[in-house]
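S.K.: If you want the building blocks of each chain, they are given just below.
2 protein chains.
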Amino acid sequence: MLDLGVCLAYGRGSYPAYLQTGDTVKHALATTREQDFAAWYQEVIAEADMAEESGVRGCMVIRPWGYGIWERIQKLMDARIKAAGVENCYFPLFIPLSFFAEEADHVDGFAKEMAVVTHHRLKAIDGTLQPDPDSKLEEPLVVRPTSETVIGKAMSRWVQSWRDLPLLTNQWANVVRWEMRTRMFLRTSEFLWQEGHTAHATRDDAMAETLRALEMYRSFAEDVLAMPVVAGEKPENERFPGAVATYSIEAMMQDGKALQAGTSHYLGTGFAEAAGIRYQDQEGTQQLCHTTSWGVSTRMIGGVIMVHGDDDGLRCPPQIAPHQVIIVPMLRDKPEDAEVLAYCEELARDLGAVDIFREPLRVLFDKKPIKAATKRWGWVKKGAPIIVEVGGRDVAGGNVSVLRRDGLYDDNGKLASAIMPRGDFVASVGVMLGEIQTRLHAEARERLLANIRRDVTEIGALAGAFEGEKPGWVEVQWARPTGDALDKVVEWLKAHKLTLRNAPMDAEPVDGVCIFTGEAAVERVLVGRSY
Amino acid sequence: MLDLGVCLAYGRGSYPAYLQTGDTVKHALATTREQDFAAWYQEVIAEADMAEESGVRGCMVIRPWGYGIWERIQKLMDARIKAAGVENCYFPLFIPLSFFAEEADHVDGFAKEMAVVTHHRLKAIDGTLQPDPDSKLEEPLVVRPTSETVIGKAMSRWVQSWRDLPLLTNQWANVVRWEMRTRMFLRTSEFLWQEGHTAHATRDDAMAETLRALEMYRSFAEDVLAMPVVAGEKPENERFPGAVATYSIEAMMQDGKALQAGTSHYLGTGFAEAAGIRYQDQEGTQQLCHTTSWGVSTRMIGGVIMVHGDDDGLRCPPQIAPHQVIIVPMLRDKPEDAEVLAYCEELARDLGAVDIFREPLRVLFDKKPIKAATKRWGWVKKGAPIIVEVGGRDVAGGNVSVLRRDGLYDDNGKLASAIMPRGDFVASVGVMLGEIQTRLHAEARERLLANIRRDVTEIGALAGAFEGEKPGWVEVQWARPTGDALDKVVEWLKAHKLTLRNAPMDAEPVDGVCIFTGEAAVERVLVGRSY
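Residue numbers (this note's numbering), protein chains in the order written: chain F, 3 to 533; chain H, 3 to 533.
No lab work stands behind these hints, which were simulated from the structure alone. Treat the hints with caution; some may be incorrect.
Where chains are identical, the list cannot tell them apart; a pair therefore holds if satisfied intra-copy or between any two copies.
Quick list of in silico lysine-lysine cross-link-like pairs, BS3-like style, CA-CA up to 25 Å [claimed, not checked]: (1) K377 x K84; (2) K125 x K114; (3) K490 x K370; (4) K114 x K138.
Computed from a prediction, not measured in an experiment: that's the story for all the values here.
Isolated chain F (complex conformation) (with noise of 0.2 Å):
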C-alpha cells in the first residue's frame, strides 16, 4: 500500500483514483505490461506526453518530451557523426522520379510506398479547392524515403580526383514512406532521421566505413539510450534494397520482439554506377567509387520506451532525459511559499551548476499552476530520472525529498521518496544520474542475455521456442542459403510469425549443421518476432 500518512503530511492527496486504493503497488499507468503491451506502449506515449495522432494519416506530432528526447539523441549522435569527420548538408526534400528510376533494387523497393507530388497550385473550381490542371508537373516529384540517389548526384560533381575520398557527408532530416498500418515512433509515414552517405575509392575503404558507422551505432545504443543491442550483417532477404550487404543492430523490447534500431549499408558499385560518381585515381584511371549509407531515426524513441518503461510509464535514460532533475514545491497557498519558493529556486541554480556526463545538469523547477501530486505524477510516467520534492518541512530542515524513478518503491510497495540533507542531495546527484544510467543498461542487458537460446538443433523446436508469453529470440546455426533457398527459409519463418534478424558479429564459431537445410553451417543467426 502506499504510504498516504507521509505523502499526506505534505499535502500531497490528489493521487490518480487508481492509485489510492488497494493492498498491493497500484501503479501509475491503467495498463499493465503484462495485460496488454501493445496499449500499455500506446497509453505511455500519451500520458508521458510524448506524441500523438495528427489528424494527418500516418503522421504523428512529436510533444516536447518525446522531441526533447529526440534533440537529445541528435545532439549526442551528430557529436560522434561529427569526431568521425563526416560533414552535415542538406539535399532537397524532393526527387524526381528520373533520378529515383536509376538504380532498378533500390527503386523496387521504394515504389510501393512512395508520397507524389504532381501538382504546384491550388484552385477553386466549381467552389472546391483542388490541384489546378495547369499546375500538372512535367515530371512527378518523390518525396524522399532516403536520399541515396539525390546525393549520389551530387558526389558525381563533388568527386574528381582520389583526393576527393572518402567524401564523408550527413544530413538530419525528414522523409516519408507510406505505411498502411502505423503505430508511433516505429512506423510512421513521416519520420526524423540521420543519412549518412560516404564515397570511398575501395571496398575496403567502404566496408570500414560501413562497420564504423555500425559500430558508432551499437555502442550510442548502449552507452547513451541504456539499450544494449546486438549488431550483425542481415541475411540477404533483409537487405536495404540495392545494397550488396546491410547490417543492423537489434534491440530486444520487454515482450520480447525484436526492434531492427539503426542500420548501415556497403552498397558496392551500384549507387555509384546509376549516379556516375568517378574518380582519377593516383595512375590517372577513371574508377567507379564504392558508397555506403546509414541511418537511425525517431524508431529509437520507441525502442526506449519498450527496453525501459515500466508500469508507471517512461523511465528515461539520464543521458538523453531532456530534465535530468525535477524541482517540485509543494505550496499550500500561505505566506511561508514564498520560502519554498526561494529555497527550490536556489537550489535550481546550485542544481544547474553541477556537470554530469561532461554537460551541465538538466534542471527543470515546475511551477505551473497545478497540483504538486499531479504534477510528481506527470513526471513519473515522463521518466524524470530524479524528482524532488521540497515543502516547508523540508525548507526548516534544509532537506530535499528524492524520489528516483529508477526505484520508485521499496519493498513493502511504498514510494521510495528520501528525505535528505539539501548539500548532500547536491554533492551525490551526478553520482546518483550515473547510477540510474547504469542500472538501467544492467537491468536490460541482464534481459537480453537471459533471452537468447541457443540450444535449438532443430526446425521442430524451433517453432516450439516460440509458444510462450514472451519468447525472446534463437540464435540457430545454419549454412546462409541464399536465393529460392532463402525465400522457402523466409516464408517457413512467415508462417510462423518469426523473422531472421542479423547474424551477430561476436557470435560462437559453428560447429554444427544448418538447422533450415541440414547443410554444414557457415554461421549463427537470430530468429525472432519483430517489430
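Go by the hints and put chain H onto chain F.
M.R.: Coordinates of chain H only, in the frame set by chain F:
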C-alpha cells in the same frame, strides 16, 4: 601589388592566376561587387562551397560551409527560443487540403505556390514508372508552406483552460513554397526555418509575445550575425496572409536593397476560430485564444553574404563561423614536415582550450593533401575569421603567421599576414575574434545609417532618390492609408520598382504630411528596393 616575395619564401606559389599579376590589388573572386552584384553573390556561394543547384527545380543543396553556418544559427537561436520558455515540437510535413482551407485569407495567400501530393505509390505502366492511378489520395495533401493550420489543430486539443496558457511552441523544419524565380538562400522552393506558434488568453499577451519574438530576432541579427536591422511593422499590403499585424526586421544589403530577414505576426483570433482553439477562463466562460507566429529561415544566410561579403568572398562573423581559426601547415615534402605537423597539432589543441563567446573556440587543422596556397585562398573565400599559416621558419622561431579576414590587405595592397609569437597569438585570439565580430557589425551599421535618407518630402523627389547605383532607403512620413488608397500607393511604388519595408519602431515622431496622400502623417515608413 601582392608581396609575392614573402609569400614565395614560404613556398606559397600557387595563387589563382588573377592574383599573380597587375599593379593593383587583385581579388580572389573573378567578379567584384561593383561589376555585378548579383553575379558576385552567386560566385561567393559557389566559391565558398556554401550551396549549389541540386538539379531539382528550385531546391538547393546546402554544402558543409553553408550548412555549418545554419547549424550555428540554429544553435544560438534555439537557446534564445528555449530561454523564453518556448518548447520545441514537431508537426507533420503534410497538411490536408481541408485544414488549409479553413482560414480564407491564409489559403488565398498560399494557394498559388503549393506543392500538392496526390498519389502514394508508383507503378510501371507501359514500361514507364508513374503515379499509380489506384493510389490516388481521397484528399490531396499540401506540403507545408507554413504550419499555422496543423499546429492550430493540435493547440485546440492541448488548450482547455486558462491554466494551459500561454502555450508556447516552436519547430525547426523544412517548408515548401513553389517559387517561379528562385535565388539561392533568398528564395528557394524548399527552405529551412524555425516557426514559433503561441496561443494566449488576451490580445495584450499575444501582442507582447509578437514583439518579444521581434526583439529576439533584432538582437540576434545585430549580436550574432553582426547584421544591423530596422525593426518595425509591415504595412497592410505586406502582412502575412491571415495576420492582424506583421512585424519584420529589415537589413540593408551592400547594393542598397532591403532584405526582410525575419517576421513576427499577431494573428488575432482568426486562426483560433478556424481551428477551434478555445479556453475556459477563470470565470468558467469559453473564450477564443489569440495566437502568434514568428520565423526566420536559411534566408538569413543570404543576408550575411550580402552584408559582410567582399571581393575576396564571404567574411563570416566569428559567432556563426563553423570554424573560427584555420591552421594551414606549409609543407615541403621534406623530413622537417613532421615537425611542422606536430607544432600545428599542439597549436590546435591549445586553441581548442580557449573559450570565446562562452563556447570553446572552433579550430580546424586543415590536413587535406592539397597545396597550402590553395587552402589559404579557399578559406579566405569561405570567410574563416582567422587563418594561421605555419611553415618551417615559424616553427624555428616559435611563431605563427596570422591572417585576419577583416583586414586581408595592408595599405599598400599587400596581404597583411602578421608574424607573431605563438604564445601571444593563443593569448590574444579571443580578443581578435571579438574584434572581428565587432568590426563587421560596426562597418555594416555605419553603412546602414549612412544610407537612410529622411529629407524626402515630395513624391517626385522620392522617385529621384532611387536613381543612383546604390540608393539605400528613404524614410518618409505617411498617413498609413488602407484598402484602395494603399493599393494606389503600392502601384505607384511598383512602377518605380520600390516597396514599403516597415514602419520603424524607433522612428522620430511625425511632423508633416503624407508624401503619398497629402493628409496628416501618422507614422514614418521605409521605402526601398528589395529582395
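S.K.: At most 25 Å between CA atoms: does that hold for K125 and K114 within a copy, between copies, both, or neither?
M.R.: Answer is between: at 8 Å across copies they meet the 25 Å cutoff, but 29 Å inside does not.
S.K.: Please sort K377 with K84 into within, between, both or neither, judging by C-alpha distance up to 25 Å.
M.R.: Answer is between; shortest inter-copy Cα gap is 21 Å, intra-copy 38 Å.
S.K.: With identical chains, the pair K490 and K370 could be close in the same copy or across copies; at 25 Å between alpha carbons, which is it: within, between, both, or neither?
M.R.: neither (59 Å within a copy, 51 Å between copies)
S.K.: Are the CA atoms of K114 and K138 at most 25 Å apart within a copy, between copies, both, or neither?
M.R.: Intra 22 Å, inter 13 Å, cutoff 25 Å: intra and inter.
Of the hints listed earlier, the one the structure fails to meet is number 3.
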